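Trainee: Each chain is listed here by its residues.
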Amino acid sequence: MADLIVHIIVPVAIFAFIAGFTLFAVYAERKIAGFVQDRLGPMETGKYGLIQTLADILKLLQKEFITPSAADRILFAAAPIVIFVAVFIGFSVVPWAPDFIPANTNTGLFFIMAVVSIDAIGILMAGWGSNNKYSLLGSIRAIAQMVSYELPVGLSLIAAVMITQTLNLNDIAYLQGISSPEQIYFMGFWDVTDIGGIFAWHIFQAPHLLIVYAIFFIASLAECNRAPFDIPEAESELIGGFHTEYGGIKFAFLFLAEYAMMFLVAILGVVIFLGGWNSPLPNIGSLRLADWTTGLGWGIVWTLLKSLTIVGVQMWIRWTLPRFRADQLLTLCWKVLIPLAFVCLAISGLWRILVML
Amino acid sequence: MESLLFYAFAGMAIVSALLLVNIRNTARALFLLFIVLFAMAGLYLFALADFIAITQILVYVGGVLILLIFAFMLSNKELLDDLQSTSKRFISLPNWQALVLALIFMSVMVYSYISWSEHIPQWIQQSEAKGKIILSTDNNIEVLGFKFMTQYVLPFEIISVFLMMALIGAAHLSRKEDNK
Numbered sequence: 001m002a003d004l005i006v007h008i009i010v011p012v013a014i015f016a017f018i019a020g021f022t023l024f025a026v027y028a029e030r031k032i033a034g035f036v037q038d039r040l041g042p043m044e045t046g047k048y049g050l051i052q053t054l055a056d057i058l059k060l061l062q063k064e065f066i067t068p069s070a071a072d073r074i075l076f077a078a079a080p081i082v083i084f085v086a087v088f089i090g091f092s093v094v095p096w097a098p099d100f101i102p103a104n105t106n107t108g109l110f111f112i113m114a115v116v117s118i119d120a121i122g123i124l125m126a127g128w129g130s131n132n133k134y135s136l137l138g139s140i141r142a143i144a145q146m147v148s149y150e151l152p153v154g155l156s157l158i159a160a161v162m163i164t165q166t167l168n169l170n171d172i173a174y175l176q177g178i179s180s181p182e183q184i185y186f187m188g189f190w191d192v193t194d195i196g197g198i199f200a201w202h203i204f205q206a207p208h209l210l211i212v213y214a215i216f217f218i219a220s221l222a223e224c225n226r227a228p229f230d231i232p233e234a235e236s237e238l239i240g241g242f243h244t245e246y247g248g249i250k251f252a253f254l255f256l257a258e259y260a261m262m263f264l265v266a267i268l269g270v271v272i273f274l275g276g277w278n279s280p281l282p283n284i285g286s287l288r289l290a291d292w293t294t295g296l297g298w299g300i301v302w303t304l305l306k307s308l309t310i311v312g313v314q315m316w317i318r319w320t321l322p323r324f325r326a327d328q329l330l331t332l333c334w335k336v337l338i339p340l341a342f343v344c345l346a347i348s349g350l351w352r353i354l355v356m357l
Numbered sequence: 001m002e003s004l005l006f007y008a009f010a011g012m013a014i015v016s017a018l019l020l021v022n023i024r025n026t027a028r029a030l031f032l033l034f035i036v037l038f039a040m041a042g043l044y045l046f047a048l049a050d051f052i053a054i055t056q057i058l059v060y061v062g063g064v065l066i067l068l069i070f071a072f073m074l075s076n077k078e079l080l081d082d083l084q085s086t087s088k089r090f091i092s093l094p095n096w097q098a099l100v101l102a103l104i105f106m107s108v109m110v111y112s113y114i115s116w117s118e119h120i121p122q123w124i125q126q127s128e129a130k131g132k133i134i135l136s137t138d139n140n141i142e143v144l145g146f147k148f149m150t151q152y153v154l155p156f157e158i159i160s161v162f163l164m165m166a167l168i169g170a171a172h173l174s175r176k177e178d179n180k
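As given, the protein sequences belong to chains P and S, one line each in that order. Residue numbers for the first sequence follow this note's numbering, beginning at 1 and rising by one. Residue numbers for the second sequence follow this note's numbering, beginning at 1 and rising by one.
Same shape as in the complex, but just chain P (with noise of 0.2 Å):
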């Protein structure tokens, strides 16, 4: 009984998180939309405008459920759900310090790739279920682009995951670190296993997963449709895409939806390139940085951190950028991203081989 209790409140503090993040980030995107444009952004609501976004969420509870009546009604109501559930069902295998973990699988990496694919699904659905030109196009694009994206976001996993040797995220994240049970080296060849701190990085430990961490962030920006990246929700074109037709609780859960796997990718990237819950701070000499930062409450601190700031990123990226056109978007994909990937790929194996051993 006590199992099933847990079961039910790591799901429920998840939910917790991702819905206070959403309210948070929605906030801050707004902010620094206003200072990327060099206006204020929300003031009018609270002090600073901090609850304007409250003020929205409440809005949007007490709306009407508004069907089209030339919609499929099962395909139109199921879409949010599926497009919500895939993304939160990622969440289950990330790591937040050491061994706090919600599920600690072998198949963690790959349990992530495989649900988040799913996302694709539930777009298609809300495209066909709304009935609506716009729609329709949006998911379209939609899909053309994360099934394209996703071989670059695959390959770079797989040229980190050809160093880390386990799909496991718990244990990715304790490669990364002082608590690695291997001896790691910066760059290949500067042993570092007691020095930790930001020389642990696997970005670190080998050169070329800079490169692939800068792959599997540009691809991870097409998986979530962010700008430059956001073809299927055009506003100028297609007004809003696959999400057009939704309104109330719905659009709710399709904004609580984008911004959940924003986190998600910025969570995956932190814990399998940037050290996950380790310290970024080392040990020098007697001054045991790296082991006074490391533990429980600090390792959430240090996820949060490097997560928040990648996110933060990927708005600053959002609001700097203009918008591909299509066939810049696939070019960017199959010409330059996949052929990069492939050569990390090798460059991985060869490194796993002669250096590391």
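Check the hints yourself; a few may be wrong.
[Claimed, not checked] Over the 12 Å line for every Cβ pair with chain P, so calculated as not near, a few chain S residues:
| # | residue |
| --- | --- |
| 1 | Gln56 |
| 2 | Ala129 |
| 3 | Glu142 |
[Unchecked claim] Below, in silico cross-link-like pairs of lysine to any residue (SDA-like), each with a Cα-Cα straight-line distance of 20 Å or less:
| # | chain 1 | residue 1 | chain 2 | residue 2 |
| --- | --- | --- | --- | --- |
| 4 | P | Lys31 | P | Val311 |
| 5 | P | Lys59 | P | Asn106 |
| 6 | S | Lys147 | P | Lys133 |
| 7 | P | Lys335 | S | Arg175 |
| 8 | P | Lys133 | P | Lys59 |
| 9 | P | Lys133 | S | Lys132 |
| 10 | P | Lys335 | P | Phe324 |
| 11 | P | Lys335 | P | Arg323 |
| 12 | P | Lys133 | S | Ala71 |
| 13 | S | Lys147 | P | Gln165 |
| 14 | P | Lys335 | S | Ala171 |
| 15 | S | Lys132 | S | Ile120 |
Treat the hints as calculated values from the structure; they're not laboratory data. Treat the numbers as computed from the prediction; the structure is a model and nothing was measured. All C-beta atoms, glycine included, are put in the ideal place defined by N, C-alpha and C.
We have chain P already, so just place chain S on it with the hints.
Mentor: Relative to the frame of chain P, chain S by itself:
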């Protein structure tokens, strides 16, 4: 609890598969296929085949099914109407081959169930005696990887060559001819 989940998944798979072959609406049928594949993946988990379960979702749901729906959305409306206006009966005469196949398959399953529930085959008893069984905490992926790269390396390579051939064939078929 676990048997409850098992029957829930099994029921979901059977009900949505039956709906899938009977429904008139092709779009909904495709999304029902998603539920069938998902429930099947859940059933694989009960056989301790977590890798197969996730691969099922990744390949069939994330790849094949999306391409099916994509092709459906891009295809001709009249062609689809033609497809939908075929026989309305559950089992019609031209489909008797399917019925025979299904019955043969059913009889094989019933036969193996009856013969295995009477006495467990010797090779299973031997493995149990030697302790060579998979536990739910084992790292199946590592074992699978070793097996693929050692014992089953030839079939594994042949399959990858086949996939490569299919890929090149698809690229060749979809290529535009040069108009020189």
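Trainee: Look at each hint and say if it fits the structure.
Mentor: Hints, verified against the model:
no.: 1; hint: Gln56; verdict: 8 Å, violated
no.: 2; hint: Ala129; verdict: 27 Å, holds
no.: 3; hint: Glu142; verdict: 8 Å, violated
no.: 4; hint: Lys31/P x Val311/P; verdict: 14 Å, holds
no.: 5; hint: Lys59/P x Asn106/P; verdict: 42 Å, violated
no.: 6; hint: Lys147/S x Lys133/P; verdict: 50 Å, violated
no.: 7; hint: Lys335/P x Arg175/S; verdict: 16 Å, holds
no.: 8; hint: Lys133/P x Lys59/P; verdict: 27 Å, violated
no.: 9; hint: Lys133/P x Lys132/S; verdict: 57 Å, violated
no.: 10; hint: Lys335/P x Phe324/P; verdict: 15 Å, holds
no.: 11; hint: Lys335/P x Arg323/P; verdict: 19 Å, holds
no.: 12; hint: Lys133/P x Ala71/S; verdict: 17 Å, holds
no.: 13; hint: Lys147/S x Gln165/P; verdict: 16 Å, holds
no.: 14; hint: Lys335/P x Ala171/S; verdict: 15 Å, holds
no.: 15; hint: Lys132/S x Ile120/S; verdict: 16 Å, holds
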